[in-house]
Structures are given as C-alpha cells and as structure tokens.
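Turn these sequences into a full structure, and let the hints steer you where they fit.
One letter stands for each residue in the lines below.
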Amino acid sequence: MENNRILDIENLVVRFETDDGIVRAVNGLSLQLEKGHSIGLVGETGAGKTTTALSILRLVPDPPGVVECEKLSLDGRDIISMPIKELEQIRGKDVSMIFQDPMTALNPVFTVGEQIAESIFLHEDVSRAEATRRAIDMLELVGIPGERANEYPHQFSGGMKQRVVIAIALACHPKLLIADEPTTALDVTIQAQMLDLIRSLREKYSTSLIMITHDLGIVAEICDEVAVMYAGSIIEKGTLEDVFNRTKHPYTEGLFNSIPNLNDRKAMLTPIQGFTPDPTDLPSGCAFWPRCPYACEVCKKEQKDIRISDTHYVRCSRYEEKDFRINRKEIS
Amino acid sequence: MARKKKKAEVSGQKQYKKRSIAAEVWRNYKKNPSAMIALVLVVIIVFVAIFAQFFYDFKKDIVKQHIKEKFQKPSAEHWFGTDNYGRDVFTRVIYGTKYSLSVGVVAVAISCIVGVTLGLIAGYYGGFIEDLILRFCEVFTGIPSILMGVALMTAFGQSIGVLMLAIGLVYAPMYCRTTRAAVLPVRDQEYIEAARVAGVGDLGIMFNHVLPNALSPIIVQVTMGVASAILCASGLSFLGLGVPIPMPEWGAMLSEGREFMRDYMYLTIFPGLAIMITVLSFNLMGDGLRDALDPKLKQ
Amino acid sequence: MKKVLSVLLALMMLASLSVSAFAADEVTAEGYKKEIVIAMADEFTEPDPMETTAETNQIIQDCTCDLLTDTNLDTMNNEGELLESWEMIDPTHWTFKLKEGVKFHDGTILDTDDVEFTLMERAPQHSTTSSYAAKIKTFNKIDDLNFELELVQGDVDFNYTLAANSLAILSKEAFETMDEAEAVKIGTGPWMYDEIVPGDHVTLVRFDDCTLYDVPHTEKLTFKMIPEASARMIALENGEVDIIMSPSATDYTRLQEDENLELVTEVGRTQNFIGFNLKNADSIVSNVDFRRAVAMGVDKEELIYAAWDGNAVESTNWHCRDSGYYSEIEGIPYDPDAAAELFEQLGCDGLQIKLVTSDADHRTKMATNLQSQLSDYGIDVSIEIMQNSALTELNTSDGTTSGVELTISSWTPGKNADYMYRNPIYSTGGRNYCHVDDKHIDELIDAGAGETDPEKRQEIYTELQKLLVEEMVAMVPVAQPTLTLGTRAGVTGARLHPGLVHQFKTAELYLGQ
Amino acid sequence: MARYIIRRLLLMIPVLICVSFVVFFLMDLAPGDIVSQMAPADATPEQIEMLREEMGLNGSVLQRYGRYLWNLLHGDMGTSLSLKRPVMEVFIERLPATLKLAFASIVIALLISIPLGIAAATHHRTWLDGSSVVLSMISVSMPAFWLGLLLIFAFSYKIKLFPSGGSGSFKYLILPALTLGTEQAGNLTRITRSSMLDVIRQDYLRTARAKGVSEKQVIRKHALKNALIPIITVLGSTLGNAFGGAVAIETVFAWPGIGRLTVAAINSRDMTLATGCIIMFTLMLNLTLLIVDIAYAYVDPRVKARYSK
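Chains as they are written, first to last, in the numbering used here: chain A, 2 to 333; chain B, -4 to 294; chain C, 4 to 516; chain D, 320 to 628.
Any given hint could turn out to be false.
[To be verified] Cβ-Cβ distance ranges computed for the label pairs, FRET-style:
(1) C:Glu344 x B:Ser154: 50 to 60 Å
(2) C:Lys469 x D:Leu480: 54 to 64 Å
(3) B:Met31 x A:Glu71: 37 to 47 Å
(4) B:Leu268 x D:Leu606: 36 to 46 Å
(5) B:Ser154 x D:Val453: 32 to 42 Å
Everything labelled a hint here was simulated from the structure, so no lab data went into it.
Just so it is clear, the structure is predicted and the values come from calculations on it, not from any experiment.
Where is the CB? At the ideal position from N, CA and C, for every residue including glycine.
Next comes the structure, spelled out in structure tokens:
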C-alpha cells in the first residue's frame, strides 16, 4: 500500500513569519495520493492550496516561509530532509507544476523552445540539440506548431502560453503533476481545451495529478478524489462520489450552494456568509465556526476528524452527534 | 504570492480607517530606522544652517585671518584644526552649512519651478508642445551637468546666485521628465474630465487636479535633488567656480585644503565629511520618503 | 576555489605593479643619467615660438631653438646667443655679427638669410611679434654672418627686444622644404623634438652637432605635465622625475631636508601689486589719500606669508629689483596707526569696496589676506575672481566705466627698464591696469627710453619710481616671489630665469659609474 | 531596426545644433576673451585687433555663429583658438585617455556592483543586504573627487604604491579608475539590487525552479537577464557621463581626458574647442544611449518587437 503512494503528506504546517505577524497558511494538513490517481484540491482563494503545492516541491519562499511536517514523501522519498541538489533533480523530473497565471509564468527573455528544452536538458542525458528537438515535439504534442519554438512568450496568446507551460511541466514525463488553477486566467472556451489536453496527456503518461482549483466543475471533470481546504487544512476528503454526492462538511455544502444551478435557474444562490478568516489570527477550534450556520459551542473549542467511510472523512466535530445532518441532500 | 494576497485581504478587512495621506506617509516613514536617522540629521543640518550666523560673526570668525596660528592640528581649542590662514576649520565647516544647504535648496527650487511647470505643460497638453519641450530637455541633458555648470558659471560670473541658477537650470530637465511621466497617467483619469466638464480652466486643472496627483515622485525627486545639487555645487566649487571667497563653502574648502593635503590631511577630511553626511542624509530621507509614499515599492 | 584564485591573481598584479613603480635609472657609459624628466604644471601646446607667449611653451622652445640675444643667467646681462657681437651706431642704426658655423637640426648652417626670414618675413605675420617687426625699417644683409638694421625710431635697448622668446631664429631652408608644422620645430638648440603627446609629455633628444653649448651627457629630455604641485613632489621623491617646476611652498623644507633632493631658488622678476583704478571717479580709490592709507595700512609681510609662505622679497618699489635702473626708494612704509587715522578721516568705516583678481593661487591668497587686513579698518572688501583673460580684459578696458576699484595683479618685465613702464604705465599702454594717465609720466617714460647717458637715465627712472609709488600711489607693490625648482641631488644645468623662461639646455645628472 | 536607428540618428542632428548654439552663446557671454590671453603681455591695441582678425573673432556673435554653423554642417569643427590645431584632431588625441578611464571604471563598477547587487537581492533583509544598501548609499553621497583625494593620500603619499596623477602605464590608471568606478558602483549596485528584487518575485522564476533549475542558474540565467534592462539604462548614462562628466576626478588625478580639456577650453575662452568638445561629447552620449537602446533589443525580445514596428 505504502509503495503505491506517489505522495504522502502527514501533518504539514506552513507559516510565514512577517512583520505584520505570523501568517498561518497551512495548518496540519495530511494528504495521500495513490499512483496514477488524480485529486482535486478545492477551496477559496487564500485557503492554502498553492502553499501546499509549493511545499511539495519545497518551493515555499524561505524566509519568510517556515515548513514543518511529520512526513512529506514523494514516491517513497523523503522530500523534507533531501539535499537541495537531489531536490533539483526531482523538480521537473518526478514532480512538476503548472502555475496559475500563464501570462507571468514564462520567462519573457527566452524563447519557448529554450524554456521547454531547458527542463529536458537538465534532467535527461541528452545533448542540447536533442533537447531542442524534443522540445519541439513537446510543443506539437500540446498543439503548437513546432516552428514557433523560436518565438518569445509575448508573441503567444494566453491559451497558447498555458500550453507552453503544460509542455514544460510534462516535458520529462513527471510521475506527479500539480496543476495550480491552470484555467483560471483563461477564457472559458480555452479552459475546456486545456482540461482536455491535461486529461489526455495524463492518460498518455499515466501521471498522477493534483488539480488545485476553486471550480468544482473542473474537479468533477478530471479528478478521482476531492479534498476541500479551508484556512490551511483539509476539512473534507473523499472520492468524487463521496464529496459531491454525500457532502458532509457545512463548508463544502456552502461551496455547492454558491454555484449557480443551470437546471434550476430560479433557485436562490446562497453564498457563505462573511469572509475567509485572517490567517494571522485564526479562530480557535474549527476555523469555520464564525461563518458556519451549524456551529455550536463545541466547534469554538475543537475540531475532530470523523471517518465516514474508507475513502471519505470530514473534519467537523458535530458529526460526533449521531443524527447530525446538513441540509444538502445526499445523492445516491 | 499566497502571502501577498492574504495581506491585501487583511488590510482590506480591518485596517480601512480614513487617515490623511500625510499621516499615512508619516506612519510608513517612521518604520524605517535609517530614514529616521536621516531626518534627525537633516533637521540638525537645517538648524545649523539657519542659526550658525547668530553664533559666529562673519567678519571676526570667517574673514579674519591669524596667519601666525596656521596649520594647527585638531585640538580642544580648534576641533578641526586651523587652515593655511590660521582660520578655525570647525567654525568654517559649521558656517559653511548655510551656503551648501541654501545652494542645494534654492537650486532645487529653481529646477522645480522651471521643470515642473514645463513638465506639467508637456504632460497636460501633449502633442507638438510636448515634443518641443522634450527635445529642449534633451539638449540640456545631453551635456554633462558639470560641464554645463562650468559653462553657465563662466558666462554669468561667479556668485552664489549664479551658482544656484546654474545648478537649477542644469537639473531642471530631470524634473520636467519626472513631472511629465507622473502627469501622463493622471491626465486621462475621469476626475480630470469631470473637472473640465465642470468648467475648471486648464490652469486650474493643472495645478489643482493634475499636480497633486502627480506629487509623490516629485517630492522624492526634490529630496534627492537637494542632495545632488549639493554634490554638484561642491564639484563646481572644487573646480574653482563656486561661491566668492572667503565664503566657507565646503567644496571650496576642499579645493583649498588639497594643496596642503600631504601634511595637513584634516583640511580636506572635514569639509568632505560634511558634504558626505549632508548628502547622505538627504538621500536616505529621499529613499525613506519614496518607500513611505509608495508602499507598493517598499522592499 | 575560483574566488581564491582570482584574489591571488589580483594580489600578484598589485605586487608586480608596486615593483615596476620604481624602475632603476638608466645610466650612460660616463655615469650620467640617460634621460632627465622634468615635471611641469602646464600643458605644452605649441612648438612655434611665434604662436605663443605661454612660459611652458617657451621653456621647451628654449631648449630647441636660440635667440639672437639672451639673458646670461650667471651675470644677468643681456648677451649674444646666436650673435657674436653687435654695435649701436646710433639709436636707429645697429650692426650685428652672427656666430660662425651654427647648425640647425636639419643640418643647414645659420646665416643672415635665416635671420632675415625670421625677422622680416615671419614676424610681421604674427601678432606676438608684429610690434617688434614694426620697429625695423630695413634689413641690410652684408654677408652670410653680418647684417645691419635700420629702425623706425631710435631705441637704445633694441638688443633686449631681440631677446624676446618669440623671435627665436628658425631655419629658412626648413620652411622651404617641409610643412610649416614641422619646420617650426627646426632650431639650433641642443635638443630636438622627438615626441609630443599633447596633455601628457614632450620628449626631446640630444642634438649632437650643437656648437653653442657644451653638448650635455643626457640623451633625452622629457617634459612631463603634472598639474598638481603635490603630485610633482611625489613623483620627484619616487624618482619618477628628476626636476620639478614650482614646488609647493609647503614642500620647501622637505626638499631642503631630504638629502636626495635639492631646492633651487632665485628671486623672480615678477612684480605683484595691489592696483588702484585711478580713472574710477565714482570710487574712493580715485582719492590719493585713500590710496595712501591703503598703502600704509597693508602689512606686506603678512601678505607674503599668506601667499607664498614667506618666500618672496618685499617690494617697496614698482620697479623690479634686477631690472635696469632700479632705485632703492623708500616707498610707503607700513604704519597701521597712521593708516587707521587716515581711514577714519576719510570716513571709511563700513566702506564697501570691490576687488577683482584672477584665479591664480597666490593672487586669491593675497586677496583673501588683504580682505582680512582691511576688515581691521572697517573696510568690507568683496572679492571677485575671474579667469586671467577676463581680468586682463576688464583691467585694460576703459577705466572710467569698468567699475573696477582694486585689483591684484602682477607684471613680469624684461630686463630693460622701459619694459617696466611702456605697457603697464604709459597712458596708451596695452596693460595699463591702474589706468595711469599722466602727461608728465608719459614724458618721463619717453625720455628714459631715448636717453643714451646712463646717469641721466638713472635720474629719470628714479623720479618715475618715486612719483608712481610715493606720490601718485597708483599701486601698492607687494613682492617679488622667489622662483623655485626641486631637483634630485646632483642635477646640474637646471637654471631658473627671473623672467620665468627657465633653462634646461644643459641639464645633467651625474650618478657615478 | 535599421529604420529605427536611422531615425534616431537623424533626430540627433537638431539636438546637436541646439547644443552648439547654447554653448556658443554662453561662451560669448563670458567676460574676457581668448585674444587678450593670447596676446603678448606688451601687446599694443593694434596688435590685439590684428590677432582678433587673425583668429576669425571679428564680427557680431550671430555672424560668428553663422560661420561656425556653416562649417559645422560641412563637417568642419574649426581650429582650436588656443592650440591652433583642428578641434577634431585635439579631441581625437584626448579620446583614448578618456575611453581608457571610462571603460576601466565601468569594468570596476560592474565587478563590484553586479555581484553585490545580486547578493543583496537574494539575501534580502539580511546584514549583507543592509550593508550593501548603506555602502552604495555612501558611495553615491560622497563627492567622488574627495574619495580620489583620500585614495591619493593613502596610496600615493602614505604607501607609495601608485602615482598620484598623470597618465602613462597601467599603474596610473588604477586610482582614477577606482575612484570613478566606486562612484558609479554605488548607483549600479542600487539599481541592480532593486531590479533583481523586482525580478526575483516574478512567477517565471518559480517556474524555472519548479522545473529543477538550480538556484544559481535561476539567479544567473533567468533572473539576471530580466533584470538587465534597468541596469543597462543606468550603465549607459553612467558610461556616457564618464566620457566628459568626470572633470573633477580628471582634475584630481591630472588625467588628460576630454572633460578637463573642455573645462580648460572654457576657461581660456577657446570657443571653437569648447563648443566642439561639447558637441562631440553630446554626440558620444547620444550614441551611447542609442547603443543602450539597441542593447535592450538583444536583452529583451519585447523591446525588439517594438522597434521593428
């Protein structure tokens, strides 16, 4: 079982020690991912999704970032204590990342070909010419004519840039791909193309995937599992079925309620009340209680992980009460 | 990235109190220790510049020579020693603050008035006038400031007024450009259009609406400008084109002391230090102001 | 590792530099230093003697070419250099005989044609020499070595005119065979131009066929431009140069005490003075009592101390000491009490007066000290410093309108007495700084120049001197500063010239075998 | 690109003409003229007038400027009044010394400022950063000629390692280049630091790191190339200024550069030389700025695209 895990995070804590106080970005997050599986990391802006992803590559800026955890292993190798040289070999080779904003993710002063080839040249024992040739292949694979390899990022549109970013990420066929809101900055029509592209490439190279997004639709489209994050920890995790159909956490419920329902356009949108909490000053107990319609005194003091099934767990103390149910109906 | 977003939210959420811009700037400024030290120094320098003339008598302490007491090393009696005429160097350095500082301030005022006006006009009207003004600036910036200063000083003769004017003119194009650059983005804002619709005249719009919104880069430039004007003045004085003798301008003192440098190094050290500390203070203050005025740039 | 290497490399470079900084002297077979390097303050700009009056140019030109007559620095008399002898038949008729067998650098022999070419062809075309040429009516060649001059006006001191550096004799043949730019370099002196690097140095090589002087053992003479006195001093101490011109007064003791160095001194012939603009009727300086009060009230000793660190000879007289017909007049002695009284009578307390001078170092020093001295009498002197050309122009422009009140300036005359007056004192003189405009004085000047009897001449000049300084108080003569050279011990043939054109024709440094 | 360069070159012409006009008239305003300086001390008024005509200084200032400009447009900068040689010749003679000092100082400045600026940015908010900020601030606040004097005092007077002035072998170059280099290094360090700080927070560096580029390479290759534009801008104007603006340093070290030549020409009222030098100087500065702009294109493809439009 262990060996089958591509990623195993145990109790990850990330905080940023700034002049204005300690920002607690990730608080005791644990996450496991099987090889070849894909998981969606869902949450509002500022929930700590990106920070979690960066922690996996140990790219959290330090200072001011401080990363602590009991376990962080990638394909069975410990990341936390790994020397930087080895880490550099893993980055881009075993695990790579697609960043949110394609407009800024590419270096403006190098051609896209060079940027893709660099990754190949670094990780595989090939000549520069060979790396360049493979970069062109990679470009074509993501649907860009190979002759555009000599062009610079500013000559590409946003969608094309994202294709380039994907090409960079997949150039060395990584075992794990982290896609950090890969479509947020793009037009809706392009979004679908991107998702298709990621899905097809993933299938082709049987890459594991962490899809970071705040769009539940994308998760449904592409992921096997879902983890919902709030204020730096996972508050509900399960298979797509578990989370979508048998929603347990009030916050997850809130997320679903915020999505306009195409089938019932007359239905009222019910957004979650209030704002995400100040990460320098998190509420005690369950971080969600100030906004939670089901909150009771217990929630202000503690939070508990409740296992619903083998695949599904939720972090909400109220499930200690046997007959606690949220309003959202289970869909079976 | 994540961190920045959070901070933005934080300030959006709870720190939204109405505060005057000055108070906000001051709050930011106070956080910068080197800028605070600089501010204190600037205050002291300004104080010395204003009040030195009340402590010392120009005729008795500056003009009068005591040849018999020349070249005395720094001591309790003469803190910075005496020069080749037996004059007390400390007195001269202190008294000289007035000249260096007034040259710096007035020169900057001149460049400011000329440059900001031209820059406003260029930025506000655009088109042919803008082109003309920018070309004109190019002519002046194409000549190194010190050579231009030498030419101006030679043409109009040596006096403290000409020195101020020369330096002022030399640096004016810089202010013109800064102002124009600051005005450009403001020019097309809706509130300018609104003011125009409301019947405010061009001049009114320029000075009441455009200028205040373009002010912060100008303020920074002014502070730093005093520093560079003082440096430029000392350079010109060093070349023998500064204030008339026996005014104890620091650059002139440096150039006088240079002849005796080998045996009496202190004659060059102290005026040089005075220049450096003054310029450094203004530069640090300008740096601090820049950070305080534009927190986005704060590093 | 790379860093360590680069640091090591840098250190090695530094070390090699410091070694090469003091190269050993190269010595000739006879034990003389092969190359003598002379550090001077100003730039050499012009090899043509007729194109310049700058002393730096003239010093180098003096090494490469010769004059018909020149000051003998041992006797301080005007003697023939290229001339064997001359005779004044009457003040308008002079005959001259050239030395025989003098060779130019191009190998041709000096003859009267070269002299005629220089005096009659080139001189009228150049502004520096046209006034000399205008004195000559006819040039009669007698033979290759003898010629005769007929002058427009009688001039008993005409031999001094021929000592003007711009009248150095150049080779006529050279001008016929080469470019003017090259021909002006062909002289008869013991040195020939080798290399001119503008703004940096000029190298001369020995002219072995020189007959006028004992050919020095030195093979090369290099004039190096080092504007800073302190830098020149350092270069001398380091052995980079052998002779430095005008060392700083603060270095005199250093030169005297260092056994490897020497200080060469000579009283200069430059009269430094505080001049009054006599024509400025709006100003108190037109009042002779005020001028007298200034003359009494100024402590010249202190001025000398401030300007030259004491290294100057106090002047009581406008007339320079070693100029002909100098007379020991008393002048106006320092008397501060009398001055204060006189100033008070004139109501000078709080008086504002403007002084103009040039940016020459000693002049500004004199000006600041004078300002300090006069402030004791309650007089506020404001000093305006200008470039020398501007000062000259202002001082020589119309005195009634120039607005000048006081000026600090100087005058370096030639050896003959007329030089002291013709330009700076005569009413129509080109450099009449004090704007002296007095018929009687003009008459005396003319009389002095035309008088052949030395005794009568002496009388005339004594009267002139007293009149100018004691009665008219046109100026306060301050001092004739000491001229100095710093040399390495053992340097010979480096001669200071009171007229500032120092001689290095036979410069040598014996270092032993 | 070629069209862009030609356009820029053509635009320089009116600027240069304006410069010549300004300098010529300033020089004319100056009291005193070269004639009274060149004339012998015992010159008569007639002699002076003769000299004035000889030098072509007769006529009104407009006539003289007209003549000057006419010749200038024909590529003739005239003859130096004090040196009696073509201005161009004099200028070219001094050029090597100027270029030597300018480039040596720039090399020193770059050797100091680029590593220091980068280190400061990558070690942001550490003692290293702090001291680099303070040092560079001090270096821009110090009169450079004063630093020159201190260096002379230390290295020529106390330990007699380097000559205190003049030009010649390599050892003459060290102190002036060090002085000028230090002055320039201050500004360059500041700009390097701030533009690196700007770049260091860019997303594409994270992209580079995420694909396994080593930190050293991220900084040297990915970050530095992006940070170069502001550095090149400052470098250009610094270099341009070193051509003639380092007068005080040239004076301190008796360096035979163009700056001192120009000041000497102004002082001696040598109109043609002063005007010619300043024109040449402006031309050099403008050419440097043009080269800088062209250099942008090689550093940043976005700029190149803009030029070709």
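Hint-by-hint comparison with the structure:
no.: 1; hint: C:Glu344 x B:Ser154: 50 to 60 Å; verdict: 34 Å, violated
no.: 2; hint: C:Lys469 x D:Leu480: 54 to 64 Å; verdict: 58 Å, holds
no.: 3; hint: B:Met31 x A:Glu71: 37 to 47 Å; verdict: 44 Å, holds
no.: 4; hint: B:Leu268 x D:Leu606: 36 to 46 Å; verdict: 38 Å, holds
no.: 5; hint: B:Ser154 x D:Val453: 32 to 42 Å; verdict: 37 Å, holds
Of the numbered hints listed earlier, the single one contradicted by the structure is hint 1.
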